[in-house]
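A.B. asks: Chains as they are written, first to last, in our numbering: chain A, 35 to 397; chain B, 154 to 764.
Heads up, some of the hints might be wrong.
Computed cross-link-like contacts, BS3-like style, restricted to lysine-lysine with a CA-CA straight-line distance of at most 30 Å [as the list claims (entries may be wrong)]:
{"no.": "1", "chain 1": "B", "residue 1": "K352", "chain 2": "A", "residue 2": "K327"}
{"no.": "2", "chain 1": "B", "residue 1": "K248", "chain 2": "A", "residue 2": "K243"}
{"no.": "3", "chain 1": "B", "residue 1": "K559", "chain 2": "B", "residue 2": "K424"}
{"no.": "4", "chain 1": "B", "residue 1": "K424", "chain 2": "B", "residue 2": "K248"}
{"no.": "5", "chain 1": "B", "residue 1": "K352", "chain 2": "B", "residue 2": "K623"}
{"no.": "6", "chain 1": "B", "residue 1": "K623", "chain 2": "A", "residue 2": "K281"}
{"no.": "7", "chain 1": "B", "residue 1": "K169", "chain 2": "A", "residue 2": "K99"}
{"no.": "8", "chain 1": "B", "residue 1": "K267", "chain 2": "B", "residue 2": "K296"}
{"no.": "9", "chain 1": "B", "residue 1": "K242", "chain 2": "A", "residue 2": "K127"}
{"no.": "10", "chain 1": "B", "residue 1": "K352", "chain 2": "B", "residue 2": "K453"}
{"no.": "11", "chain 1": "B", "residue 1": "K206", "chain 2": "B", "residue 2": "K169"}
{"no.": "12", "chain 1": "B", "residue 1": "K206", "chain 2": "A", "residue 2": "K281"}
{"no.": "13", "chain 1": "A", "residue 1": "K243", "chain 2": "B", "residue 2": "K623"}
{"no.": "14", "chain 1": "A", "residue 1": "K242", "chain 2": "B", "residue 2": "K546"}
{"no.": "15", "chain 1": "A", "residue 1": "K281", "chain 2": "B", "residue 2": "K242"}
{"no.": "16", "chain 1": "B", "residue 1": "K381", "chain 2": "B", "residue 2": "K303"}
{"no.": "17", "chain 1": "B", "residue 1": "K424", "chain 2": "A", "residue 2": "K277"}
{"no.": "18", "chain 1": "A", "residue 1": "K80", "chain 2": "B", "residue 2": "K381"}
{"no.": "19", "chain 1": "B", "residue 1": "K352", "chain 2": "B", "residue 2": "K525"}
{"no.": "20", "chain 1": "B", "residue 1": "K559", "chain 2": "B", "residue 2": "K541"}
{"no.": "21", "chain 1": "A", "residue 1": "K171", "chain 2": "B", "residue 2": "K169"}
{"no.": "22", "chain 1": "B", "residue 1": "K305", "chain 2": "B", "residue 2": "K381"}
{"no.": "23", "chain 1": "A", "residue 1": "K277", "chain 2": "B", "residue 2": "K541"}
Please keep in mind that the hints were generated in silico from the structure rather than gathered at the bench.
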Amino acid sequence: MQNYMKNNRLFWEGIFIIVIIILLGCVNLYSALITPYGTVDSLFYKHLLWLLIGGLLAFLFHFLKPIDIENFSAIFYILCCVLLVGVLIIGKKVNGAQRWIGIGSFSFQPSEFTKLALIFFMAKIFKQMPVVETGYKLNQLAVPLTIVIIPLLLILKQPDLGTAIIIFSIAFFTILLIGVNIKLLIKFFVSFIIFSPLFYHFLKDYQKKRFIAFLMPEADPRGAGYHTIQAKIAVSTGGMFGKGFLKGTQSKLGYIPEKHTDFVFSVYAEEWGFFGVFVLILLYFYLIYWMFKVTRNINDRFLFLSASGIIFLFSLHFIINIAMVSGLFPVVGIPLPLMSYGGTALIVYLVSLSFMLKLSREY
Amino acid sequence: MKKFYVVLDSIPQLEKRLFLFMKFLSIFVLLLIGYYWFLQILRHNYYLELSEKNRIRNIRITAPRGVIRDRYGVIIASSAPSFVLSIVKEEVVNKDALIKDLAHIFNKNPEEIKALYEAKERVTPRFYPITLYENLKRDEVVKIEALKWKLKGVKIDYKSERSYPYNDFCSHLIGYVSQVSSKDIERLKNRIFSSKVGKAGIENVFEDYLKGFDGVTRVEVDAYGRKKKVLYKLDPIAGGSLKLTIDWELQEVAEKALGDKNGAVVAISAKTGEVLAFVSHPNFDPNLFVKGFDREEWEKIINNPFYPLQNKVIQGAYPPASTFKLITAIAGLEEGIIDESTTFYCAGKKRVGNRDFRCWRESGHGRVNIHKALVESCDVFFYELGLKLGPDKIAKYARMFGLGEKTNIGLPGELSGNVPDTLWKKKKYKQSWYDGDTLPYAIGQGYLTVTPLQLALAYAAFANGGTLLKPIIVKEIETNDGKIIQEQIPTVRRDVKISSKTLNIIRKALIGVVNESGGTGYAAKIPDILVAGKTGTAQVKSFKERKKQTGFLNDHAWFVGFAPAYDPEIVVCAFVMHGGHGGGVAAPIVREVIDKFYKKDRVVNAKLHEE
């Protein structure tokens, strides 16, 4: 009972920090979605609706037994792959990329679900694999690599470089976590360096432009470098304490593209300044640290690996997005968890957090 | 009971690795915080500036340039509204269709418009409207207004633009305005640039008065270039206006009299030094500088062998020929070398050393005194006189009359001409002065050069009894609401001391030039007005060379006249390049100008013209 109480504290700690970030996200999204006429864009209410749906799903998810998750992970994974194929066939095309499946007025992104499905499925696969003292070799990794590569290719085809980078990185860190043969790791890095020009060759033109713009944003300030420069201006003019809520000029005058999705953090940084940025980064770090605290108590390999995958998911999104907004990372479509608008992603984050909350009580 | 969770040994190892990940994450978090500190605190001011550039547009309102009027108020340079066609890129629906429509309106090739559009687009900052055409014609404006529903994104604005209603009228004096160059930007600090500045003539010299102060509207714009709100507005202040000493009608007559001939005509008020007419030909249309030249027009100007952009009144120095005899005669009389009865014999030529110096009349003038020598412009008389005077005495009198020095009319590029003497020759050619140099000098040729304005002023100094005046071109400078802030009053440069006896002798001779039979300036005679003057026919130097290069064989023709002879009010100097004889070519020009000066309805006409 005493033990239960202790873990209950960890649970409420998690709830507390998650709620704070969600509230901050809502406040900031309100500002990002304010129209020139002083009203707020309907997307804000949609965000609230998504929060409700996501919260409900997260609540329901809480009642799933961990073993059910493990058992369902394969089906979940296959379902996601089918949906990814479906996207390529019947998906909605927005801005040249085919990423969404529409249901009525709502649309969702199967690639977001795929992140979670892959985390669970990889955890299941690795749980079943025997532990190798010297780390896994390539032939032993054939199955897990295959299950990563299939959705990865499907997502690259959409194309959605951001999600592909996230999935690849989650898989990469998971494999590092379970232990990989050091020689294989070296081989991987060497071939990565050798083949990266080839990889660059396969990028779409707009992706190449963004990459060049990342290296030299000032080279084409009106074109590819525009996102980065305008976001940097927004962030920088925030100064120490920011311009104040609803007072950001860069976002209000429309200089920031994607200000409610991938670049929502620049709106925040402009209005709340370095002070706000510092607080939010610490909050995120605290959230991840909380997840780590939860994870290290777990003594089940599947659950441990799943929880780690979710840590990677959040960490990568958080670090890459904040780096991207300030021009430290090329512009790729990677949203900021709980802050950016995006229904499917929000559901995935809430469900993941629900999973972590569940584990915080169980262990 | 089934065991749910299999505990594996590897968990602690996983935990260790996950902890390592957390360490890495912490480092990244610290780096990010550090970078945001850099960006938001250290680079704050830099980006703040970029942000202002983004958000705030300063839209210039060009101040109307001050008007330039003649002495009676006729507007010579005005500020007229000019229509500007610009395109707001963000509002264009179909660019190709728009270009096609514009091509139709302007009667041009769509490719041409497209090329222009793209060229202008490149130089236009993001979200600024692209200025496609300036100075639209009225019918073009009407057409565009009529098709406005179709031409999405096309905007017609108007701005104040310099306009010269009489085109090439008085162009060398007025000068012109045109687009600022990088050189001007250095010169004119603290100005908002993009507009036009005075580049030559009055426009250049009085830039600061004429320019006024541009206004500005500071607006906040959104990312699509749409104005959100006006932050601040500063109305432009119109430039001050100038009243010139130029007499519009006299100027017109002088220009007409010179016609297509190349050269200069300058008329000045004999007692005040006010410039009444200021003509240099070939001239140019300053409006072309305002709107910008096309290639053909520009080539026409720069390929003209007579340099249309050269202001021949002050920027050209030429041998004054026999008009200079005035100076030699005064020198002779004042120095006591001759008197009215001294005579020399002219046999048509004078031999000095082994060279014959000809008189223009080959048969000779016989025995001549000073009067006859001036009236008939006998060269031999002045050869003899010159030899007696020597070059330094001639130079002394020439300088007294302001030759060889700038008149300080206040226009850029004025030449001082050349008054040679022995010292000058030693310096310049490292040779001593020969008698062979003195002979042409005495009749205004050789090394001697003067500008038409200098010559006119020298004659004015003689005509008014010895007052060398500073030429005045601007009578009044007014503020934009008509207050006179500066008035030019006659300025005496120097008093030339000439005895009344000398004045009398020469005045009579100059009257004789125009009025006596046998006088070389007979063509300047006007029935009711007593005109005095002197002709000049300058042999073009290095005759053979000229012939080879350009084929200009003719002599330069001069005539300087003043009237009325005994109480002169006006002095007119006409110079015709390669015109032929002064008496035949230049004297009639002077006559017409003086004639017009005394037409009674002159002022009334000018006033009417203004209406």
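A.B. asks: Are the hints correct? Go through all of them and say.
C.D. replies: These are the hints, each one checked on the structure:
Between K352/B and K327/A the alpha-carbon distance is near 78 Å, which puts this suggested pair outside the 30 Å criterion. With a C-alpha separation of about 25 Å, the suggested pair K248/B and K243/A falls inside the 30 Å cut-off, and the hint holds. For the hint linking K559/B to K424/B, the alpha-carbon distance of about 19 Å falls within 30 Å, and the restraint holds. A threshold of 30 Å between alpha carbons decides the hint, and for K424/B with K248/B the separation of about 66 Å lies outside it, so the pair is violated.
Between the alpha carbons of K352/B and K623/B the distance comes to roughly 24 Å, so the proposed pair stays at or under 30 Å and holds. Under the criterion of a C-alpha separation no larger than 30 Å, the hint pairing K623/B with K281/A is inconsistent with the structure, at around 65 Å. The straight-line distance between the Cα atoms of K169/B and K99/A is roughly 27 Å, inside the 30 Å bound, and the hint therefore holds. In summary, the hint linking K267/B to K296/B is supported, as the alpha carbons are separated by about 19 Å, within the 30 Å threshold.
At roughly 26 Å between alpha-carbon atoms, K242/B and K127/A fall within 30 Å of each other, so this suggested pair holds. Of the supplied pair hints, the one linking K352/B and K453/B holds, its CA atoms being roughly 20 Å apart against a limit of 30 Å. Taken as a hint, the K206/B and K169/B pair is broken in the structure, with Cα atoms around 51 Å apart against an allowance of 30 Å. For the hint linking K206/B to K281/A, the alpha-carbon distance of about 18 Å falls within 30 Å, and the restraint holds.
Simply put, K243/A and K623/B have alpha-carbon atoms about 68 Å apart, too far for the 30 Å limit, and the pair is violated. Taking the CA atoms of K242/A and K546/B, the gap is near 85 Å; set against the 30 Å cutoff, the hint is violated. The hinted pair formed by K281/A and K242/B meets the criterion: a straight-line CA distance of about 28 Å does not exceed 30 Å. In summary, the hint linking K381/B to K303/B is supported, as the alpha carbons are separated by about 25 Å, within the 30 Å threshold.
In summary, the hint linking K424/B to K277/A is not supported, as the alpha carbons are separated by about 72 Å, beyond the 30 Å threshold. Using a Cα cut-off of 30 Å, the hinted pair K80/A and K381/B holds, with the two alpha carbons roughly 28 Å apart. At most 30 Å may separate the alpha-carbon atoms for a hinted pair to count; K352/B and K525/B exceed this at roughly 48 Å. With a C-alpha separation of about 29 Å, the suggested pair K559/B and K541/B falls inside the 30 Å cut-off, and the hint holds.
For the suggested pair K171/A and K169/B, the alpha carbons sit about 21 Å apart, so the restraint of at most 30 Å is met. Of the supplied pair hints, the one linking K305/B and K381/B holds, its CA atoms being roughly 20 Å apart against a limit of 30 Å. With a C-alpha separation of about 92 Å, the suggested pair K277/A and K541/B falls outside the 30 Å cut-off, and the hint is violated.
The structure fails hints 1, 4, 6, 11, 13, 14, 17, 19, 23 (numbered hints given earlier, in ascending order).
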